[in-house]
Structure formats: C-alpha cells, structure tokens
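Undergrad: Residues per chain, in single letters:
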Amino acid sequence: MDLDALAGCLSSSACLVTQTTSGLIIGMLLFLVAVGLTLIFGVLKIVNFSHGAFYMFGAYFAMAAYQFTGSFALAMLAGAAGTAILGLIFERIFMSRVYGADVLMQLLVCYAFVLIFDDVVRLIWGPEFRSMGMPAAFQVMPLFIAGGVVPPYYLLLIGVALIAAIVLGIGLSRSRIGKVIRAAAHNPGMVSALGINTGLIYGGVFALGGMLAGLAGALAAPVRSLTPGMGFSVLIESFIVTVIGGMGSIVGALVGALLIGLIRSFGSLGFPLFTEGLMYLFMVIVLVSKPTGLFGKEAA
Amino acid sequence: MTELEAGRADRLAPVRSVAALQRYRDVLIALIAFAVLASLPLFTDSKALLDFVIRCSAYGLFATSLNLLVGYTGLTSFGHGMFFGLGAYSFGLIMQKLGLPIPVAFVATLAITAVVATVIGAICVRLKEIYFAFVTLAFQMLIHSTILSWASFTGGDQGLRGGIPRPAFLGINLADHVHLYVASCALLILGLLAMRQIAQSPFGYTLRMIRDNAARASFLGIDVWRAKLTVFVLAALFASMGGMVMALFVSGAYPEFAYWTISGEGIFINMLGGVSTFLGPMVGTVLLLLLNDTVTRFTEYHGIVLGVVILFFALGLRKGLLDFVAEWFSQRRGAGEGR
Numbered sequence: 153m154d155l156d157a158l159a160g161c162l163s164s165s166a167c168l169v170t171q172t173t174s175g176l177i178i179g180m181l182l183f184l185v186a187v188g189l190t191l192i193f194g195v196l197k198i199v200n201f202s203h204g205a206f207y208m209f210g211a212y213f214a215m216a217a218y219q220f221t222g223s224f225a226l227a228m229l230a231g232a233a234g235t236a237i238l239g240l241i242f243e244r245i246f247m248s249r250v251y252g253a254d255v256l257m258q259l260l261v262c263y264a265f266v267l268i269f270d271d272v273v274r275l276i277w278g279p280e281f282r283s284m285g286m287p288a289a290f291q292v293m294p295l296f297i298a299g300g301v302v303p304p305y306y307l308l309l310i311g312v313a314l315i316a317a318i319v320l321g322i323g324l325s326r327s328r329i330g331k332v333i334r335a336a337a338h339n340p341g342m343v344s345a346l347g348i349n350t351g352l353i354y355g356g357v358f359a360l361g362g363m364l365a366g367l368a369g370a371l372a373a374p375v376r377s378l379t380p381g382m383g384f385s386v387l388i389e390s391f392i393v394t395v396i397g398g399m400g401s402i403v404g405a406l407v408g409a410l411l412i413g414l415i416r417s418f419g420s421l422g423f424p425l426f427t428e429g430l431m432y433l434f435m436v437i438v439l440v441s442k443p444t445g446l447f448g449k450e451a452a
Numbered sequence: 337m338t339e340l341e342a343g344r345a346d347r348l349a350p351v352r353s354v355a356a357l358q359r360y361r362d363v364l365i366a367l368i369a370f371a372v373l374a375s376l377p378l379f380t381d382s383k384a385l386l387d388f389v390i391r392c393s394a395y396g397l398f399a400t401s402l403n404l405l406v407g408y409t410g411l412t413s414f415g416h417g418m419f420f421g422l423g424a425y426s427f428g429l430i431m432q433k434l435g436l437p438i439p440v441a442f443v444a445t446l447a448i449t450a451v452v453a454t455v456i457g458a459i460c461v462r463l464k465e466i467y468f469a470f471v472t473l474a475f476q477m478l479i480h481s482t483i484l485s486w487a488s489f490t491g492g493d494q495g496l497r498g499g500i501p502r503p504a505f506l507g508i509n510l511a512d513h514v515h516l517y518v519a520s521c522a523l524l525i526l527g528l529l530a531m532r533q534i535a536q537s538p539f540g541y542t543l544r545m546i547r548d549n550a551a552r553a554s555f556l557g558i559d560v561w562r563a564k565l566t567v568f569v570l571a572a573l574f575a576s577m578g579g580m581v582m583a584l585f586v587s588g589a590y591p592e593f594a595y596w597t598i599s600g601e602g603i604f605i606n607m608l609g610g611v612s613t614f615l616g617p618m619v620g621t622v623l624l625l626l627l628n629d630t631v632t633r634f635t636e637y638h639g640i641v642l643g644v645v646i647l648f649f650a651l652g653l654r655k656g657l658l659d660f661v662a663e664w665f666s667q668r669r670g671a672g673e674g675r
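The listed protein sequences correspond, in order, to chains A and X. For what it's worth, our numbering labels the leading residue of the first sequence as 153, then goes sequentially. For what it's worth, our numbering labels the leading residue of the second sequence as 337, then goes sequentially.
Keep in mind that the hints were calculated from the coordinates and are not lab data. Take these hints with a grain of salt, some might be off.
As the list claims (entries may be wrong) - Quick list of in silico lysine to aspartate or glutamate cross-link-like pairs, DMTMM-like style, CA-CA up to 20 Å: (1) Lys-464(X) x Asp-254(A); (2) Lys-442(A) x Glu-465(X); (3) Lys-197(A) x Glu-465(X).
Every value quoted in this text rests on a predicted model; they were computed, and no experiment measured them.
The following block holds chain A by itself, in its conformation from the complex:
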C-alpha cells in the first residue's frame, strides 16, 4: 500500500491529468467491449462469455491489415468489419442453437469457442507477444495539458469511443431499427408476429456487439501488446463493468467503465498490488447494496 503516492498525485495537477487520461482510455476501451456485452444480454438474454475473443480478433485483424496495407484507417475498418462478420456467423451457426437452453449450456458453447479462438490465433499469428506499432501519423509530440502528458492517440481513442457511445445511444432510442431492437428485447414473440425477422435482428445485434468489441481491440492494438488470450482479462473486466452498471443498460456500461478505468489508474498508485482486488471489492459493494447494478432495472 502506498497512500503517500496517491495523495501526492491527487495534489499535483500534472499527475492528475496523466492518471485521469490513462483511466479514461482504459474506461473507454472497456466501455466499447462492455456495451456490446450488455447489448447482447439485453436483447438475446445470453451472457456472451466469448466476447473477449472478439476484442482479441479485432486487435489481430487490425494488426494484419496495418501490416498489409500500411493504412491506419483500413486497419480500424478491418478490425471492426472482420469481427462483425465473425459475430454474425458465430451467432447464426452456433449460438442460435442454444437459445432457451440451460444457461450452463450457453456458457459451455462460449467456453468452447474461447478455447478454439485462442488456439486459432496461436495457429495463425504464433504464441509470442506481437505489437502493431504506433502509426506514423500519431508519432508526434505529446500534448501538455496543465503539465500532464497526453499522447494525441489517446485523444483519438477517447473521441472514437465517445462517438460510438453517442451514435449507439441515439440510434437505439430514436431510429426505427433501434426501436425494433428494443421491442425484440422486450417481447420477441410479438415482434416476429408483426412480420419482422427476429433471427436477423438477433444476428445483427450479435454482430454489432462483436463489432464494438473488435473496434476496441483495433483501437487498443497500437498501445497494447497482442497475445492469444488477451481477451480474457478484458472479458472479466467488462463483466465487472456490466454488472456494476446494470446488465442491459448502456448508460450503466459507460458509467461503470469510467469508474473501473479511474479505479484502475488511481488504484495502481495507491495500491499497486491490489488494483484488481479494488475492482472486485467495488463490484461486491455495488452488488450487495444494489444487486441489479447502478442503472439496472428491478426484475419484475
């Protein structure tokens, strides 16, 4: 425990800015993964245990595309589009078979794919740590805000994640497709009776969730090292986020992700070894005081 370091940081604006931005990017990446998770849970009523694999694939797809084309934009596109297609195929062929089955059965199918996907990545890209490298466009002087160091890439990352959050939020609440999705979450039988193909909606939502996780992976690829199994810690953390925020709530996912991001970045100063423990402690406290999460709806 190192509370002096934490107090010292809180009283210095430079350290405060640096830690807050690093907390924000952790939080934003987590948000992108967690919002997909929460969306899939909200509509399909399944807990996608293999969601971390989509994050991993997004990162690897981006790296492969970047090495092949040299374009950062194409790399992001490859990460997002590749995982969207993967999500659609995965949902239509495998997950759609276990709807309504035992929760354990759904988890088992996902668990199987976690194992398979990790090994597929190992087969294609090898077991060692890989790195995509920072694109040339962002290899510029970091910005100094109130004495704190902020790499420009972090701003892009936060911006993209924010845009995704806003588009998603408005799209779900305002657009026709969004309304259909929310209706399908509420009463799929009635929606399909109205002549809407719910199978397509389920597939689409899963693809969207996969795409968001893939986008997070692609965005993280330049700043994190890539390894098979990298999706796992992200998966566990985004579970914590969705549980804290409330399963099925997008606002909850955003708030939860930012809280966890900040706990991680400031906790690593005060409790270097117990940072993870802090997150779990926080989760326990939230769940015990409000089992449905901060923004979750009470079950009827």
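Starting from the known structure of chain A, arrange chain X on it as the hints suggest.
TA: Leaving out everything else, chain X in the frame of chain A:
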C-alpha cells in the same frame, strides 16, 4: 392412534426401510470402490496412474461439491474454486508456519473454510441466478488478488514454495507416495459418501425443492436462505478438502488454485459428466483429466480439440455423459415395458 395416523405410519414405514437399504447399498459400493482403488498399487507400480487417481480425488471432491450447489440446489456458483484455493493455502500455511500434525491442520482448515464460507455465503445466497454467479466470481477474484498482493504471507505469484512438511501420524506417512495415494482415495470415498448422504437426506430433498420452486418451499415453512447458506458452507468444506488433497499432492499451493479458471473447470466437469446424477461430476472429472492428458501429449493446440469436444457435448448430446446414458437406459426400459 387415530386411523389417519395409523395409515400414515403404514405408508411411511416402507419408505424408511428403502432409505436404509439404499444407505447400506451406498456404503457397500463405497467400500468396494475403496478396496479396488486401494489395492491398485499391488498390481501396478505406474506412478503416473497413481498420480492420475490422486488428481482425480482432488478435482472429484471439488466438482462433486459444486454439484451440490449447481445440480441439487440450482445455485450456479462461479466462485466455488475459491474454497479449493482457500483449502490448499490454509492447509499449506498451517503446516509451514505452525508445524501442527496433519489431522489437526486438516480440521483447522475445515474450520477456517466454514467461517469464511459462512460470511461469503450470507452475502451471496440472497442474490438470484446470474447475480449470484457474478458475486461469487467477484469474491473468488478478491481472494485471488489478496493471495497475489499479500506476498509476505502467501508468497504472492510464486505460490507457497519450499514444500509442505508432511510429518507421519498414526503410522501414516504422507511423504510416501503409496501412503499419499491411499489417503487421497480414502478422503475421496469418504467425501463422496458424506455428500451422497447429504443429497439423499431430507435436507437434500429440501434443496431439490428449492431448486424447482423456491417460493413454494418457503410457503411450506422452509427457511430458504438458511438452507441455501447451509449447503453453500457444506459444499465449501468438501471443495476445501479437495484443495487440501491437491496441496498435499503438489506439496505447495499456487495462486492458480484460487483463480476463477478452477471454478470454470468445475462447472465444465459438471456439464461434461452430467448434473442430474450423483456420480456425474466424478465421471466428468475422469473424462476431463483424461482428455487434458492425452490431448496435450499429441498436440500443442489442445484448446481446439477440447473446444470441439465441448461443442459435441453442448450441441450434440445437449447434456452430460452420465445424464445421457441414464436417459438412454430409462428410455429403453420404458420402450421394453410398453411392448
């Protein structure tokens, strides 16, 4: 005695004798199983085979205790592995730091587990389904983080090293491989027998009722919270026993024992073997360990093979192996009687 009471006694009597008969049968099966397992070293001196059975004992105790929660009570715990890790660490630490005799350390570890499980269980069991799963997972990771960060006491990510002393007691020397083997088998059989008694007792049937309809159970005057807490603590004790066997076997304790993957494997074992039969988890344990051992020998990509096997069970059979076999048999019998 009124007519009504007399009628009831008549109906109850055969049920009771059937239960007693079943208990004798269970004890008999346990004795035979123990005799077979314990005599194994007389026929083979393959260390690998004995090691395999010891590992099966550790995981089997753990997985079967998880089935008390998952299969019998409908409590899907994702953090049951914390008691496996807790057992291994408590036992290892007591032996290393205090140097007590093994039976004393064994009982002390069970006592510690009971206290911890009561505290955690009291918080967890009032939550429902998926939330119960998540909170238990969170507690598991909390214990794991504590083990990692309290390095001066637990050895941090290196685990408890330097070996666990295994002084002989009552003529049993657990440092000897065959002695350790027989002791593990004995613990496994005793543990299974005890869990079987719990599952077949009136309390066990109360648990089944809670699983099927908790509201109805509470209308009938059952304190659902207390019953769930009781089975949570009982299951934790057996998981802790499994952890102790593991700690004795590897002569140490590692943070992986408390990591959530242990819980994941436990759930997986249960699904593989089947949750609707008592011995399902045991079958699952043997299957998973066999699968792990053989597949890792042939290919380094064992995740793909294991994944495909799981998919076969989840999408093909749609139930555990023993569940599948039991259902097949009852269907055949049903068809035979129909004719």
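Undergrad: Run every hint past the structure and note whether it holds.
TA: Hints, verified against the model:
no.	hint	result
1	Lys-464(X) x Asp-254(A)	holds (15 Å)
2	Lys-442(A) x Glu-465(X)	holds (15 Å)
3	Lys-197(A) x Glu-465(X)	holds (13 Å)
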